[in-house]
Amino acid sequence: MILIKGGLLIDPANNRMGAFDVLCEGTLIKEVAERGRISVPKEAQVVDVAGGWVVPGLVDMHVHLREPGFEWKETIKSGAQAAALGGFAAVCCMANTQPVNDCAEITRFILAKGAEAGGAAVYPLGAVTRGLKGKELAPFLELRQAGCVAFSDDGRGITDALIMRRALEWCRMLDVPLCCHEEDESLTQGGSMNESELSLKLGLRGLPAMAEEAMIARDIELARATCGRVHFCHVSTARSVELIRRAKQDGLKVTAEVTPHHLLLTEDRVADYDTYAKMNPPLRKEKDCAALIAGLRDGTIDAIASDHAPHENDVKEIEFEKAAFGLIGLETSLPLMLNLVREEKLSSMRLIEAMSLGPARIMGLSGYGKLSKGEAANITVIHPQAEWIFDRLSNRSLSFNSPWLGEKMTGRALLVMVRGRIVVQEGKLVGNGVSD
Amino acid sequence: MPKANQKNWKLVLDGEVIARSISRITYEILEKDRDLSRLAVVGIRTAGEVLGRRICDRIAEIENVRIPFGVIDITLYRDDLSMSRAQPTLKGTELPFAVTGARIVLVDDVLFTGRTIRAALDAIIDFGRPARVELAVLVDRGHRELPIRADYVGKNLPSEKHQALRVRLKELGADEDGVYLVQSAKEVNK
Amino acid sequence: MKHLLGIEGLSRDEFYLLLDNSREMVEISRRDIKKVPALRGKTVINMFFEASTRTRSSFEIAGKRLSADVVNVSATGSSVTKGETLLDTARTLSAMAPDVLVVRHSASGAPAFLARYLPDTAVVNAGDGLHEHPTQALLDCLTLSEHFSARSQGIEGLRLAIVGDVLHSRVARSNIWAHLLLGNEVRLVGPPTFLPPELKEAFGADSSQCRGRLEVYYDLKSGIAGADVVMCLRLQLERQSQHFVPSLEEYSREYGVSEKLLARYAPNCVVLHPGPVNRGIEVSSEVLDGPRSLVSKQVSNGVAVRMAVLFLLATGKDTGETTIA
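Residue numbers (our numbering), protein chains in the order written: chain A, 603 to 1038; chain B, 124 to 313; chain C, 245 to 569.
Just so you know, the hints here were simulated from the structure itself, not pulled from any lab data.
Values in this document were obtained by computation on a predicted structure and should not be read as measured data.
There may be inaccurate statements among the hints.
As the list claims (entries may be wrong) - Within a straight-line C-alpha distance of at most 16 Å, the following computed EDC-like cross-link-like pairs (lysine to aspartate or glutamate) qualify: (1) C:278 to B:245; (2) C:308 to B:249; (3) A:924 to C:332; (4) C:279 to B:217; (5) A:924 to C:328; (6) B:214 to C:268; (7) B:214 to C:271; (8) C:279 to B:263; (9) C:444 to A:852; (10) C:279 to B:249; (11) B:214 to C:264; (12) C:278 to C:268; (13) C:278 to B:217; (14) A:887 to C:445.
Next comes chain A alone, as it looks inside the complex:
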């Protein structure tokens, strides 16, 4: 038995926020009651979180764990542990490994590695097409049975509308989301940053906003016609938000996520060819950031997801147009998003919802996102004022590609409990699988 006391409970599912204590037994939440009301059995472990936020275990629904195939960038173990240190009780990992997660063996491999990692729980997504080639559908039933929670060809867009249609039909039957990286590759060839006057000035080919928007428009229509569930990954433009808002108003089953970097940064970050700000979709403009935040506030965007994309030095410290896309984000999402709350651009309740209940609902992860009696004990405790430096020493991920490396962060997860077991306490990993 574990009692978490003295904290500020933020429970979006029940729309309640206040001084509540939480008692956990085994893998479940036994009781949630006002402070001091729970009678504590003698053998219970008592954790006093002294004003920290007690929230449902955070879920990052879009990460790249790189294993199998790219273990020098990240392993499932290092990624799951980094996630836990970042406050996440669960992560959903994408299928663009090597080999691609397009068969049951790979899915089982990922699940097994995740189970022994000693960090956040790992839920794999299966590929939509074999090898992510966009030509043949992957075996959806087999992958679902093996344990995939959703499907995605993320890393690539599904350019062929027929493939997209078929995939939607399958996903509708399985009642899982089709998570889409919306990029029409014929419009983005050779691009490395947002197509704008800045890309013109810098002499870099652009990734135009229309490549994302046109694809989203197409897929909304396909979802409408097939009644499939489409989820838009890493939405990055104002127009995309508008399209999604309209689709939701029409009653379609569409959901969307946004990354912390698209909420906070603009294309100006690449003005001196900084490859650490190079990502796909690219950083856009101030008006896009504002629209994304507004979309997050009004529910058009359901979730915040980091799109954690670890890369080694060799593929980042090179010419801009050749550098790999992406940045790590598991350990910085929380403090960066807390900045939005501090700047009063987002309420704390909405933030927690977007980082726990939102993703859990989309991915159908029962046991996440709720702090009620009888629910699984997946809990995160946040100290919103904790100051720390994000640098090579603090970073658990095997990669360091982040534009924020070396900066001061405010806000940290002090405690993370996964299925009743504490994996992070006082900001450090505990339990088995911690060595190395």
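Please arrange chains B and C on chain A, whose structure you already have, making use of the hints.
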């Protein structure tokens, strides 16, 4: 150009003395060798160019002959380029006569360490092989760092090495010609 | 100035310093002994990751005329083709510590990347991707200043038309920066696929600080009307796979510069072309070989400009001034 009547500027040669020096130097040049067929005057930019032109004018007055005149910009020949503060602007070198076999009189305002003259000699030799190069300066202030000497000197002005000498010429915007010694505050108040 | 990475960011004074010094360097190329000792003992490395005989030999001659020790490194046949990354190359160069590094690279931003890793070296951009080619713009301006030497305003107050694939041209970009700096009227002429709508904003043409004017024309005749200078850009035939123009014939018909056209719409203009030229496509042989063309002067002025750049950077670097552009 800053006004010359600053408190710490001491006039050591006035316009009249300068004019007489130019005249005397000109006569000495003509005396040295009466054959003017291969004579050419080359001024080192910028003040040397002005003085060189005045010498040419004087020769024209005395002998009724226009001697060829050239200018040298020694910027590309200096040995201290990496140490200079300001970005150098080139003003160009032009020697519109046959250098090989010529008797060149090089003209500069002040002879000091001798490095400017060395650079000017390098420049001249890049254009050809002169029969002879002579040096005429308005002021010799000593402190040579290289074995260079002037053939014609307007005035000898011994000075301390750290002191600055300023030459003001009408063609370069000054109200009147003058050579000034810039004194430190201590010296001014003595 | 510590580096010359582009014309963007140069002040008018710096631009004229480069131009004026280039003019003086021309004289050295007319002497019998085309050499001055200004960069004696200095090392200049020419690192060309993109093939180029003309620009590279221009920089080589420039360095040698200043008595520098010039080393040429080309990408083919060097460790670069063996898979060495730009970062490794930067580290190797850093160990050699040249005084000046001249870089041409197919990736925009590569010279800036190298400059970050070479703190004691002055870096000259000899063309990076689609970004800039500053010495080309300088030699174009030197050529124009010689032609317009009788004009009281020099090369200011001119109307210049740049015709062709502006989108993919680093020469166009550098020239646009230069002419806006000089307060000239710049007209970009070509099909809409080569002239994206963000162009004016990209060059800050609408801001109050911009001294010049920038306009976009899709019609060649109105674009070059009354121009003092017409600059033709090379149509890069490799671009065809990306469908920028429907066909070469159509491009040449609509945007090819001919004598008949110039005589009618810009009778007093002179013509520039950065080379190499697709004769008959972007410009006719008649114009290219005729009296309007300043192309041969462009080539010979290249050495003078590069001498001025090497001279200013190699001697200025120790004053520790900040990077430009």
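Tested hints:
1. For a cut-off of 16 Å, the pair hint linking residue 278 of chain C to residue 245 of chain B stands: about 13 Å separates their Cα positions.
2. With a C-alpha separation of about 15 Å, the suggested pair residue 308 of chain C and residue 249 of chain B falls inside the 16 Å cut-off, and the hint holds.
3. Between residue 924 of chain A and residue 332 of chain C, the direct Cα distance comes to roughly 15 Å. Compliance with the 16 Å bound is thereby established for this hinted pair.
4. The suggested pairing of residue 279 of chain C with residue 217 of chain B holds, with an alpha-carbon distance near 15 Å, which does not exceed 16 Å.
5. For the suggested pair residue 924 of chain A and residue 328 of chain C, the alpha carbons sit about 13 Å apart, so the restraint of at most 16 Å is met.
6. Between residue 214 of chain B and residue 268 of chain C the alpha-carbon distance is near 7 Å, which keeps this suggested pair within the 16 Å criterion.
7. The suggested pairing of residue 214 of chain B with residue 271 of chain C holds, with an alpha-carbon distance near 11 Å, which does not exceed 16 Å.
8. With a C-alpha separation of about 31 Å, the suggested pair residue 279 of chain C and residue 263 of chain B falls outside the 16 Å cut-off, and the hint is violated.
9. Of the pairs offered as hints, the one joining residue 444 of chain C and residue 852 of chain A is violated, with about 39 Å between alpha carbons and a cut-off of 16 Å exceeded.
10. Note on residue 279 of chain C and residue 249 of chain B: the hinted pairing holds, with a Cα-Cα distance of about 8 Å set against a maximum of 16 Å.
11. Proposed proximity of residue 214 of chain B and residue 264 of chain C is supported: the alpha carbons are some 8 Å apart, at most 16 Å.
12. With a CA separation close to 13 Å, the supplied pair residue 278 of chain C and residue 268 of chain C stays within the 16 Å bound.
13. The hinted pair formed by residue 278 of chain C and residue 217 of chain B meets the criterion: a straight-line CA distance of about 14 Å does not exceed 16 Å.
14. The hinted pair formed by residue 887 of chain A and residue 445 of chain C meets the criterion: a straight-line CA distance of about 14 Å does not exceed 16 Å.
In terms of the numbered hints stated before, the structure departs from hints 8, 9, listed from lowest to highest.
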